[in-house]
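S.K.: Input sequences plus hints: build the corresponding full structure.
Spelled out, the chains give:
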Amino acid sequence: MRLLVLFVVAGFVLVPLLATAFGGLKTLGELRTNTFGLPEHWMWSNYIDVLSRPQVWQMLGNSLNIAVFTVLLTLAVAAPAAFAFAHLKFFGEQLLFNYLILGLTFPFATAILPLFLKIRDLGLLDTPWGVVLPQVAFGLASSVLLMRNAFRHIPDELVEAALVDGASYTRIFWSIVLPLSLPILSTVAIISFVASWNNYLLPLVVLDTQDKYPWPLGLMQFQSLDSTDWPKVLTYITITIAPAVAMFVLAQRYIVAGLTAGAVKA
Amino acid sequence: MTALPAVHSSRRLAFSASRRQQRGWRTAIVFAAPALLLFTLFIVLPVLEAGSASFFNWNGLRAPSADKFLGLGNYQQLLTNTTFQRAVGNTLLIIAASLLIQLPLALAMAALLAGRQFGSIAFRMIFFLPFILADVASGLIFRFMFDGDVGVLTQISQLFGFGEVHLLSSKDLAIVAILVVATWKYFGFHMMLYIAGMQGIDRSLYEAAAIDGATAWQRFVHITVPGLATTIRLSVFFAVLGCLQFFDLVVPLTGGGPLNSSHTIVSFLYYFGIARMRIGFGDAVGVTLFIVCVGVALGYRRWVMRND
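Residue numbers (the numbering used here), protein chains in the order written: chain A, 7 to 272; chain B, 3 to 310.
Just so you know, these hints were derived from the structure itself, not from any lab.
There's no promise every hint is true.
Claimed, not checked - Using 30 Å as the maximum straight-line C-alpha spacing, the simulated DSS-like pairs for lysine-lysine come out as follows: (1) B:Lys173 <-> A:Lys124; (2) A:Lys238 <-> B:Lys173; (3) A:Lys124 <-> A:Lys218.
Claimed, not checked - Here are a few chain B residues that sit away from chain A, every Cβ distance over 10 Å (derived from the structure): (4) Gly73; (5) Thr84; (6) Leu131; (7) Met200; (8) Ile203; (9) His224.
As the list claims (entries may be wrong) - FRET-style restraints, in silico, Cβ to Cβ: (10) A:Leu184 <-> B:Gly75: 48 to 54 Å; (11) B:Ile31 <-> A:Thr215: 35 to 41 Å; (12) A:Asn104 <-> B:Asn309: 18 to 24 Å; (13) B:Glu209 <-> A:Asp235: 58 to 64 Å; (14) A:Leu184 <-> B:Glu209: 32 to 38 Å; (15) B:Gln220 <-> A:Gly67: 53 to 59 Å; (16) B:Val223 <-> A:Ser51: 52 to 58 Å.
As the structure is a prediction and not an experimental result, all values here were calculated from the model.
No residue lacks a Cβ here, since even glycine has one placed at the ideal position from N, Cα and C.
M.R.: Here is the structure:
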């Protein structure tokens with residue numbers, strides 16, 4: 007009984023994914039008559055066709071580029087701030103921390119129009135930085151919160167002992183705190199990577215030129231131009247979600263822990 | 003934490019009292035400044051500007067002049083706009099479906115998978131998988147599933163002798179399709195929250211109940227659910243705030259159509275504010291959403307989660 011229920015729900019989750027993966031290997035005619043089953047003739051030519059388009063590679067490259075810079079900048083900005091809030095006592099500490107944490111409840115969409123104007127005024131419209139910087143800013147609240155909670159587990163005595171021995175805060179941060187915090191750093195890195203890789207609304211508003219599009223924009227455009235050629239669209243979808251699925255299988259522990267911990271500790 | 007010898011710790015206390023404060027302040031400013039700056043520049047200022055621009059009739063090109071001042075005009079227009087009313091209704095429907103279908107499903111699956119039985123981990127991963135996929139890809143996958151011509155739904159219907167099903171082009175049913183996809187995509191996330199919460203429930207309660215002859219259902223109702231109360235309140239919080247900002251799935255599934263019947267608040271903001279460059283009007287939508295979200299967040303924390 008338990009297994010029956012689980013298999014039904016698993017079917018609900020997996021059938022759309024499998025139908026998509028197999029659909030990309032069928033002809034349109036076969037897709038009409040045989041949606042569920044394995045393809046009769048495995049149309050690998052769909053893959054060759056999609057993968058031989060330079061735009062596809064460019065979009066995946068753009069997405070990777072934006073995601074990598076988002077991750078690096080998030081770590082570079084959030085980690086020192088989290089260290090300051092975890093181990094330094096300073097005037098206004100609580101106030102500034104609460105200010106930053108406000109970001110957890112801000113709906114992204116509220117700011118999108120003025121954000122668009124701001125990016126335009128800064129001359130960042132239609133550039134990758136116009137996507138990267140706001141993405142980092144929006145991830146900061148949860149990144150700083152997650153990291154501060156983790157940094158707090160490093161005993162204050164350790165920090166003070168290092169101070170007595172004459173180490174600077176920068177040195178302590180760099181040589182003691184960071185090496186002890188690799189799990190939380192990878193968790194935050196993965197969260198911001200996934201969020202960036204999947205982001206749609208922000209690049210949609212910021213980017214105009216096709217050769218700068220990340221893959222979600224490219225996919226939407228491909229679908230709207232070729233809306234009747236379902237097998238190719240399905241091939242395209244499969245190719246673009248494959249890296250995410252692969253990464254999930256490899257790093258599932260970090261991903262699940264990170265995505266749910268971010269929620270629980272808010 | 004290891005206890006430090008008394009002599010050393012007293013010296014350290016004296017040290018930290020004097021030097022630490024001043025050294026700390028300078029360092030703290032250097033360390034925290036980039037984060038505070040980015041946050042202020044790209045989030046706080048834009049939100050404040052949305053607040054002021056929402057009182058103007060503005061296309062975003064030149065600074066809004068006094069003669070374009072509308073007062074609450076944008077808000078008035080918004081509240082009488084029937085498409086917006088429908089969008090609000092749809093958003094409420096998404097919240098209701100999330101609370102009445104998605105979360106109970108997540109709870110049931112969590113109850114079945116919390117233990118270490120064979121296959122538990124594999125099922126958890128399968129159920130969580132849709133959550134990490136991009137909304138755009140998920141939306142297009144289901145656009146294919148629901149396609150009236152080649153879609154799986156149509157084929158099932160034809161198998162049972164019914165005709166083609168055009169779910170997404172139906173004015174009344176398009177929103178139902180969106181609800182199905184939202185459930186598919188998000189229940190695994192809430193399930194993981196519940197499973198994490200269940201790890202914190204005292205095992206001996208279940209053993210005692212089993213000895214007293216409680217059925218599995220009784221144990222679920224009287225031990226699991228009360229034990230998860232904090233987690234459930236938290237997951238409701240995230241579900242409601244997430245649903246209020248529901249957008250990405252709408253674009254690939256229906257684009258708000260047919261006849262603007264399946265918009266949510268944010269897709270309305272996008273199609274009627276951003277796409278038409280009606281900045282002031284769009285900001286009025288954004289500010290309304292902001293007030294609702296922050297109001298819900300504060301109220302919920304104040305009244306529902308006050309003991310958590």
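S.K.: Confirm or reject each hint.
M.R.: Hint check:
1. B:Lys173 <-> A:Lys124: violated, 37 Å
2. A:Lys238 <-> B:Lys173: Holds - the C-alpha atoms of lysine 173 of chain B and lysine 238 of chain A are around 28 Å apart, at most 30 Å.
3. A:Lys124 <-> A:Lys218: holds, 20 Å
4. Gly73: Glycine 73 of chain B is indeed farther than 10 Å from all Cβ atoms of chain A, at 19 Å.
5. Thr84: Threonine 84 of chain B is indeed farther than 10 Å from all Cβ atoms of chain A, at 21 Å.
6. Leu131: violated, 6 Å
7. Met200: holds, 13 Å
8. Ile203: Answer for isoleucine 203 of chain B: holds, closest chain A Cβ roughly 15 Å.
9. His224: Histidine 224 of chain B is indeed farther than 10 Å from all Cβ atoms of chain A, at 20 Å.
10. A:Leu184 <-> B:Gly75: 48 to 54 Å: holds, 53 Å
11. B:Ile31 <-> A:Thr215: 35 to 41 Å: Once the Cβ atoms are compared, 39 Å apart, the range 35 to 41 Å for threonine 215 of chain A and isoleucine 31 of chain B holds.
12. A:Asn104 <-> B:Asn309: 18 to 24 Å: holds, 21 Å
13. B:Glu209 <-> A:Asp235: 58 to 64 Å: Roughly 59 Å apart at Cβ, these two residues keep to the hinted range, so it holds.
14. A:Leu184 <-> B:Glu209: 32 to 38 Å: violated, 44 Å
15. B:Gln220 <-> A:Gly67: 53 to 59 Å: The hint (53 to 59 Å, Cβ to Cβ) holds, given that glutamine 220 of chain B and glycine 67 of chain A are roughly 57 Å apart.
16. B:Val223 <-> A:Ser51: 52 to 58 Å: Since the Cβ atoms of valine 223 of chain B and serine 51 of chain A sit about 56 Å apart, the hinted range of 52 to 58 Å holds.
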